[in-house]
Amino acid sequence: MSRAITTAPSSLAHHGIIEWLTSTDHKHVGILYMCTGIFYFLVAGLLALVIRAQLSQPEMTLVGPHQYAQIFTLHGTAMIFLFVVPFALGLANFLIPLQIGAPDMAFPRLNAFTYWLFFFAGLTIFSGALVNGGAAATGWYAYAPLSEISVSTGGGQDLWIVGLLMSSISGILTAVNFITTIFLYRAPGMTMWRLPIFTWEMVATSLLILMAFPSLAAVLAMLFIDRHFGGKFFDATAGGNPVLYQHLFWFFGHPEVYIMILPFFGVISEIIPVFSRKPIFGYTGLVLSAFAIAGLSMGVWAHHMFTTGVVTNAFFAAVSFLIAVPTGVKFFNWVGTMWRGSIVFTTPMLFAIGFMLNFLIGGITGVMVASPPIDFQAKDSYFLVSHFHYVLGGGSLFAIFGAIYFWFPKVFGKMLSERLGMSCFWLLFIGFNTTFFVMQFLGVMGMPRRIYTYPALPGWGTLNLIASIGSLIMAVGVLVFVWDVVTASLSRKHAPDDPWGGYSLEWWTTSPPPEYNFTSLPPIRSERPVFDAKHPELVRSGNS
Amino acid sequence: MRSARTLLATSLLLCTAGCGVYALPAGATTQAQVLRQDWMVFTLAGLFVAVVVFGLILFPLFVWRRRSNDYPVQFSQNSKLELIYTIIPLLMVIALFAVTYRDEIIVEHLGAHPANTVDVLAFQWSWRFHYVGTAINIVGMPNAPPQLVLPVDETTRINLTSSDVNHEFWVPAFLFKRDAIAGVKNSFDLRPIRVGVYLGRCAEFCGFDHALMTFTVRVVSQADYARWLRAGGSSIVLSSEGATL
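Going down the list, the sequences are from chains A and B.
Heads up: the first sequence is residues 1 to 544, going by the working numbering.
Heads up: the second sequence is residues 1001 to 1245, going by the working numbering.
No lab work stands behind these hints: they were computed from the structure.
Quick caveat, the model's predicted, so the values are computed rather than measured.
No residue lacks a Cβ here, since even glycine has one placed at the ideal position from N, Cα and C.
There's no promise every hint is true.
[Said to hold, decoys possible] Listed next, with one range per pair, are the computed distances between beta-carbon atoms:
{"id": "1", "chain 1": "A", "residue 1": "Thr312", "chain 2": "B", "residue 2": "Ser1235", "range": "20 to 28 Å"}
{"id": "2", "chain 1": "A", "residue 1": "Ala218", "chain 2": "B", "residue 2": "Ser1163", "range": "40 to 48 Å"}
{"id": "3", "chain 1": "A", "residue 1": "Leu49", "chain 2": "B", "residue 2": "Ser1163", "range": "49 to 57 Å"}
{"id": "4", "chain 1": "A", "residue 1": "Leu110", "chain 2": "B", "residue 2": "Arg1128", "range": "51 to 59 Å"}
{"id": "5", "chain 1": "A", "residue 1": "Ala221", "chain 2": "B", "residue 2": "Ala1095", "range": "37 to 45 Å"}
{"id": "6", "chain 1": "B", "residue 1": "Leu1047", "chain 2": "A", "residue 2": "Val476", "range": "27 to 35 Å"}
{"id": "7", "chain 1": "A", "residue 1": "Lys493", "chain 2": "B", "residue 2": "Ala1050", "range": "58 to 66 Å"}
{"id": "8", "chain 1": "B", "residue 1": "Ala1095", "chain 2": "A", "residue 2": "Leu49", "range": "38 to 46 Å"}
{"id": "9", "chain 1": "B", "residue 1": "Ser1163", "chain 2": "A", "residue 2": "Ala221", "range": "26 to 34 Å"}
{"id": "10", "chain 1": "A", "residue 1": "Met298", "chain 2": "B", "residue 2": "His1109", "range": "29 to 37 Å"}
{"id": "11", "chain 1": "B", "residue 1": "Leu1047", "chain 2": "A", "residue 2": "Val482", "range": "54 to 62 Å"}
{"id": "12", "chain 1": "B", "residue 1": "Ser1163", "chain 2": "A", "residue 2": "Asn132", "range": "21 to 29 Å"}
{"id": "13", "chain 1": "B", "residue 1": "Thr1030", "chain 2": "A", "residue 2": "Cys35", "range": "42 to 50 Å"}
{"id": "14", "chain 1": "A", "residue 1": "Cys35", "chain 2": "B", "residue 2": "Leu1083", "range": "39 to 47 Å"}
[As the list claims (entries may be wrong)] Computed cross-link-like contacts, EDC-like style, restricted to lysine to aspartate or glutamate with a CA-CA straight-line distance of at most 20 Å:
{"id": "15", "chain 1": "A", "residue 1": "Lys414", "chain 2": "A", "residue 2": "Glu537"}
{"id": "16", "chain 1": "B", "residue 1": "Lys1185", "chain 2": "B", "residue 2": "Asp1070"}
{"id": "17", "chain 1": "B", "residue 1": "Lys1185", "chain 2": "B", "residue 2": "Glu1082"}
{"id": "18", "chain 1": "A", "residue 1": "Lys232", "chain 2": "A", "residue 2": "Asp158"}
{"id": "19", "chain 1": "A", "residue 1": "Lys534", "chain 2": "B", "residue 2": "Asp1070"}
{"id": "20", "chain 1": "B", "residue 1": "Lys1185", "chain 2": "A", "residue 2": "Asp498"}
[Unchecked claim] Stretch-level coverage of chain B by chain A, calculated; a stretch enters the list once three of its residues show a Cβ under 8 Å from a Cβ in chain A:
{"id": "21", "stretch": "1115-1122"}
{"id": "22", "stretch": "1198-1212"}
{"id": "23", "stretch": "1215-1229"}
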């Protein structure tokens, strides 16, 4: 390799605690986001194990109804707001400046501020567990009137509202930062149509955040006003309307689903080409599909309300079905990338394949529940629980593990073990499908979500026991992962700058990258400048 | 069309036989018969897509593993192919939407003259069934689920609402649920086709005893139903036919 970076990499281990608390470096902020996210993943995962233990047999009494409601509320809230979204934002924080050849984010101090706002948001939500009456216990979407003060009297609900308000503001500011950075801070040669797919997906994600999060902030503020200042927004006896809560919440809540998946479509679109040793297939279509998904996702919110009887089901069903088209395009892009490739089975690639297989099931069941006649049975049943876990767990979570195994050497300058990584993958893949596949049957048989106990109806005990065993297998997989991270961090072996033969600019600089990221940049003439620089003989003639 | 129906019926039979209790309930109302068809259409379409796309994902993994250090041909687009794989899914979802649209209208159709009308009120954490035009009021408690008595082969109109938080009226054997929301009156028709006792429950999380907010639906013969009405809702007059389904 021709480039010679002699500056010592800014070894993260040598930074003291004060540097970490005050840093505005996008890499530090990104790492803080991701590590905090993983912490909440472990917490929310433990809560899930309690849920599965409670449901492993009919009539179990491990936890009571009050505790159970708090547990599933915190599980959902933490997985969504404190893990999947912050992890995506953290990864984007780390990667965007590197992928576009910039020294940092456009607004570094705002960036640090958004992290600390999110940090305290998580503490605020969980502090509900310490107050009288316990943590919020109304589920992650906290429908009014159930979340009104007349029914949910405890302070836990208020702390939940305030915590989510903080996290929504944090998200909005982060999106502003991402968009500004991507539009204004690209290196010379890095035109928009040469952006790596991950960065493109973050443009779409950021726009969605800007459109959706204000609706969340509004509905939370209205709920708070209802609870403490005599508002009657959702009180049917005083001219308010409980359905309004659902409209405002899902106007945020459905785009949120895509905020939690678009970044990971990006991750998969980075991993598959590198390990197929080919460029991404259908770059332009892939980018356009992200924006098609983002646009359509703003018009589907009421498919969460098919059974309310007061929305135009046909319209929302039609738009929801349409989302399957650009999502399908992405699958064909990935297949096209692997087609006649030279596929290398590394841990990140395994997770990317697992992502595709799981997400396909989530997508197919998604089209099913987008049909109102099917939703009439599936809604609020374990069929739906299975569906969204296939999207978020089998999809986003698998992509997160893929991302960790792919970029860990870049972020920390250490290699994770391929042997442990593959064990982790197989445990998670088998455990995940054991847990969530059987839930489809439980759902159509009539088991609703959010019940803390159930009678011994034919077949229910068996399927629930299978699901619980699967969750234990997943837990072992997570332990293997934790062990892998610990041993890799303690290892003295240094990761190479470009262990995988990567394509985008982050693989040009050192592992970990120095302060301000680059001491040199290769010419940028396609979406994979590092590949072009290393393999000039393979540069496509038609490349613009 | 005829052969498609036969295929549908056969696969329905296969699934019911193969899966036993681990399957969609048979569908105990005329509306549920339509809903069940939707499940079959979507399940078959889903299985078809799953087989094709799983194949497309797995095929390259077996055929194009890395065998040497040489890079493969670096192709990255094919406009014709990209157009095809956009249009085919589009046509599929348009067809699925047509099925959905047609069937939802059938299922949600409100007959002009329902034989009976029951006002259903959901509350934390049970149900009240009021038979309109009679003095019959059946009120349950969390540990004493109420029973909704319906005549077979007759249309009953349900008017559903809530007196407090959101609830949801769900009878899995009817493949149907609807929200009970304060300030909203939701009406739907049920026309049971099989005598028996069916389990029902609240499906929208409504607080701590949500899990206990159950009820039963007892579908009886029309003669039994008339006798039951005359007896002011006393279930002693009902013959004991029909198992819990």
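Results for each hint:
no.: 1; hint: A:Thr312 x B:Ser1235: 20 to 28 Å; verdict: violated (41 Å)
no.: 2; hint: A:Ala218 x B:Ser1163: 40 to 48 Å; verdict: violated (28 Å)
no.: 3; hint: A:Leu49 x B:Ser1163: 49 to 57 Å; verdict: violated (37 Å)
no.: 4; hint: A:Leu110 x B:Arg1128: 51 to 59 Å; verdict: holds (55 Å)
no.: 5; hint: A:Ala221 x B:Ala1095: 37 to 45 Å; verdict: holds (43 Å)
no.: 6; hint: B:Leu1047 x A:Val476: 27 to 35 Å; verdict: holds (31 Å)
no.: 7; hint: A:Lys493 x B:Ala1050: 58 to 66 Å; verdict: violated (42 Å)
no.: 8; hint: B:Ala1095 x A:Leu49: 38 to 46 Å; verdict: holds (42 Å)
no.: 9; hint: B:Ser1163 x A:Ala221: 26 to 34 Å; verdict: holds (27 Å)
no.: 10; hint: A:Met298 x B:His1109: 29 to 37 Å; verdict: holds (31 Å)
no.: 11; hint: B:Leu1047 x A:Val482: 54 to 62 Å; verdict: violated (37 Å)
no.: 12; hint: B:Ser1163 x A:Asn132: 21 to 29 Å; verdict: holds (28 Å)
no.: 13; hint: B:Thr1030 x A:Cys35: 42 to 50 Å; verdict: violated (57 Å)
no.: 14; hint: A:Cys35 x B:Leu1083: 39 to 47 Å; verdict: holds (44 Å)
no.: 15; hint: A:Lys414 x A:Glu537; verdict: violated (31 Å)
no.: 16; hint: B:Lys1185 x B:Asp1070; verdict: violated (68 Å)
no.: 17; hint: B:Lys1185 x B:Glu1082; verdict: violated (48 Å)
no.: 18; hint: A:Lys232 x A:Asp158; verdict: holds (17 Å)
no.: 19; hint: A:Lys534 x B:Asp1070; verdict: holds (14 Å)
no.: 20; hint: B:Lys1185 x A:Asp498; verdict: violated (63 Å)
no.: 21; hint: 1115-1122; verdict: violated (count 0)
no.: 22; hint: 1198-1212; verdict: holds (count 12)
no.: 23; hint: 1215-1229; verdict: violated (count 0)
Of the numbered hints stated above, those contradicted by the structure are hints 1, 2, 3, 7, 11, 13, 15, 16, 17, 20, 21 and 23, listed in ascending order.
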